[in-house]
Every structure is written in C-alpha cells, then in structure tokens.
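J.: Since the structure of chain A is provided, determine the placement of chain B on it from the hints.
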Amino acid sequence: MEQPNLSYIESMSGGNEAFEKKIIGIIKVEFPEEKHVYFENIGANNFKAAAENVHKLKHKISILGLERSYALADDFETNLKNESTTGKDEFDAILHLMTDFLETI
Amino acid sequence: MNCIIIDDETTARAIIIQLCSNIPRVTVLEEFSNAIQAIKYLNQNDVDLILLDIHMPDFTGFDFIQTLKNPPKVVLMTSDANLALEAFEYDCIVDYLVKPITLPRLEKAFHKADLTRIKRVENGVSVKKNTLSTGNDLYINIDRRLIKIDIPSIYLVEAKGDYIHVKTEDQNYTVHSTLKKIEGKLPDSLFLKVHRSYIINVNKIIDIEDNSVLIKKDVIPVSRSNRPELMKRLNLL
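Which chain is which? The protein sequence lines are A and B, in order.
Counting from 1, one number per residue, gives the positions in the first sequence under our numbering.
Counting from 1, one number per residue, gives the positions in the second sequence under our numbering.
In case anyone wonders, no lab produced these hints; they're calculated from the structure.
Accuracy of the hints is not assured; some may be wrong.
Said to hold, decoys possible - Chain A is faced by these chain B residues, among others (derived, beta-carbon under 10 angstroms): (1) Asp8; (2) Thr11; (3) Gln18; (4) Leu19; (5) Ser21; (6) Glu30; (7) Asp63; (8) Thr67; (9) Gln171.
Because the structure is a prediction, the values reported are computed rather than measured.
Note that the Cβ used here is the ideal one computed from N, Cα and C, for glycine as well.
Extracted from the complex, chain A is given alone in its bound form (with noise of 0.2 angstroms):
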C-alpha cells in the first residue's frame, strides 16, 4: 500500500519550515474533526452527508500524496452519492494510515 508523504507541503513550503509546521498543524487539528463527523454520518446511514464529508477529506489525501488512495476516495464519494458504501473499508483504511503518519509527524 502507498504511504502517506510530505513532497507536496515541502514542494510548495518553498524551504519555509515555519510554515510546514503550521500546515502540519492545522492538518492534525483538523483530519479528526472531519474523520469524525464522516463516521458519524456513515454511521447514521447519511449517505449524502458522508459524501460530501468524504469530498472534503479527498483534499487532505491529496496533500499526502496517496495519490491511489485519491482514486478510491472519488469512487467512494461516487457509490456513497448513490447510496451505496462499495468503497467503505479500504476508504476506511486510508483514514487509519493517515492517522498513523499524522501521529509520527
């Protein structure tokens, strides 16, 4: 499985440490916050609202750089709109290996 990395922040940090702690650090405040209103939505079966939960947690996917992971969040973004969950545990596990590397960082 791809692993979650930092080349986008430090490609676009252009050097500046000061603002990858910060990026970091409102990842880290804010991934839980979003992880937890989606599996509270996919939990009450709001399939619309986890949707839209899971749009928004493409963006951090991305910033990671789990490009393959990216692929799977849309599909599952696409299944959840037509209520269906195909796509649940495996987007659930890419939510697992970001909390492990947000926690390392």
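T.: Below, chain B without anything else, positioned relative to chain A:
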C-alpha cells in the same frame, strides 16, 4: 491584484495564502470560511478576484456567485474536476483549479485573470452567460420558490393526477404540472416517454425486461406503443 479567499477548509485557505505569498503582485485582503461573511465584505470593499471553493456547506460556490450582482473575477477551487463545464457557464469565472493546487498553476490562473475582461451586468442579478437557463437547468416552482434542477441528474418523471414527481440523483420533487409540459422542457436526446405516466432518462437505464425498464430502484412499465422507440435508442450488441 488583490483577492479574497473563500473556503470552509482551514488547510486549503492556509495553503492558498502561502502560495499567494510567492506571487509578489498578489495581495490577499481577507480569507473567509463561509460565503455569507464574504458577501458582507464584498458589499463594502472592492476586490479584483475571488478564490472560491465550490463545495461548502449550506451555500455552494455557484450559489454564492448567483447572489452577486456584479461579481469580480472568480477562480474556482475544487477537488471535483467534473464541475468544470458548469463553471464556464459564468462570465466571471476565469479559471478552475483542481486541488491540491500548485504554485505554477495558481500563477497561471492569476495571469488568465489579468487577461480576462468580464461583462458587467447593469440590471438584474444574472451572472450566467445569456440567461439563467443554460439548457442544462430546469427551474421548478415549489411553495413559491424556484428551485434549480440539473437536467441530466433527473432519471425519472412520473405523472400522478395533477402533479408530477421529478426524481433526481439527489432528491425527489413533487410539482403541480403535467407530463406533457415537462416533456417539452427536457432534451429528446436524453429523455423518452415510455408510458403515458412516465418519462425516463435513457442514460440511467439499468436493464430492460419484457415490458418494463429498471431505472435506479424503480421498475417502470413500458407501453407497447413506446417500446419500438426505446429499442431504437439502445446501443444494442
């Protein structure tokens, strides 16, 4: 060039501010997490360009643009590449950025904004090209509100007495109208009347069995007289 940023995601705003700081001729005046705050600001300040997220709770980027009588130039930002077609129906939208946004791509968007002149609307609130209806939208009247429906998202219209049920990917609507009236508003290329009480979007068909068609979760009868036309529309192997 000065600009404001509207995005409900803190991470996205921080990234855009950082990227803009690398473009000397660009000044970020303000950032907003929702469109309502931005409307208040725009009523009191001149802004050259808005960097606008499409997917925001309650009020989408497109809803926001519709509220502005004379919007400044807008660069849309989204994780959804599929909305580009709708985006360019608006005169004020000069570019469309798919997240994650890179510095070269953002610079290009500002360059496009420099080169673009947008028409000012003297009267009315329409900011879409020509009229509010682009051929892809249908406005239905529900409780004195005109609600916009994206026509390709409609998969079924069902007649029920004096009303019609309009079913879309996201929502169902009950409207006081007739099947004949809505039939005239829907493109023939997408829609087909398969029964005196049903119009279907042929792109949404899942399967066809004898005298019925499965569309999403609805099994719709196909009348004998309409079946030949339906079969003609199918790309049969």
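J.: Hints first: check each against the structure and report whether it holds.
T.: Against the structure, the hints:
{"no.": "1", "hint": "Asp8", "result": "holds, 8 angstroms"}
{"no.": "2", "hint": "Thr11", "result": "holds, 5 angstroms"}
{"no.": "3", "hint": "Gln18", "result": "holds, 5 angstroms"}
{"no.": "4", "hint": "Leu19", "result": "holds, 6 angstroms"}
{"no.": "5", "hint": "Ser21", "result": "holds, 9 angstroms"}
{"no.": "6", "hint": "Glu30", "result": "violated, 18 angstroms"}
{"no.": "7", "hint": "Asp63", "result": "violated, 15 angstroms"}
{"no.": "8", "hint": "Thr67", "result": "violated, 21 angstroms"}
{"no.": "9", "hint": "Gln171", "result": "holds, 9 angstroms"}
Hint check: violations occur at hints 6, 7 and 8; the rest are consistent with the structure.
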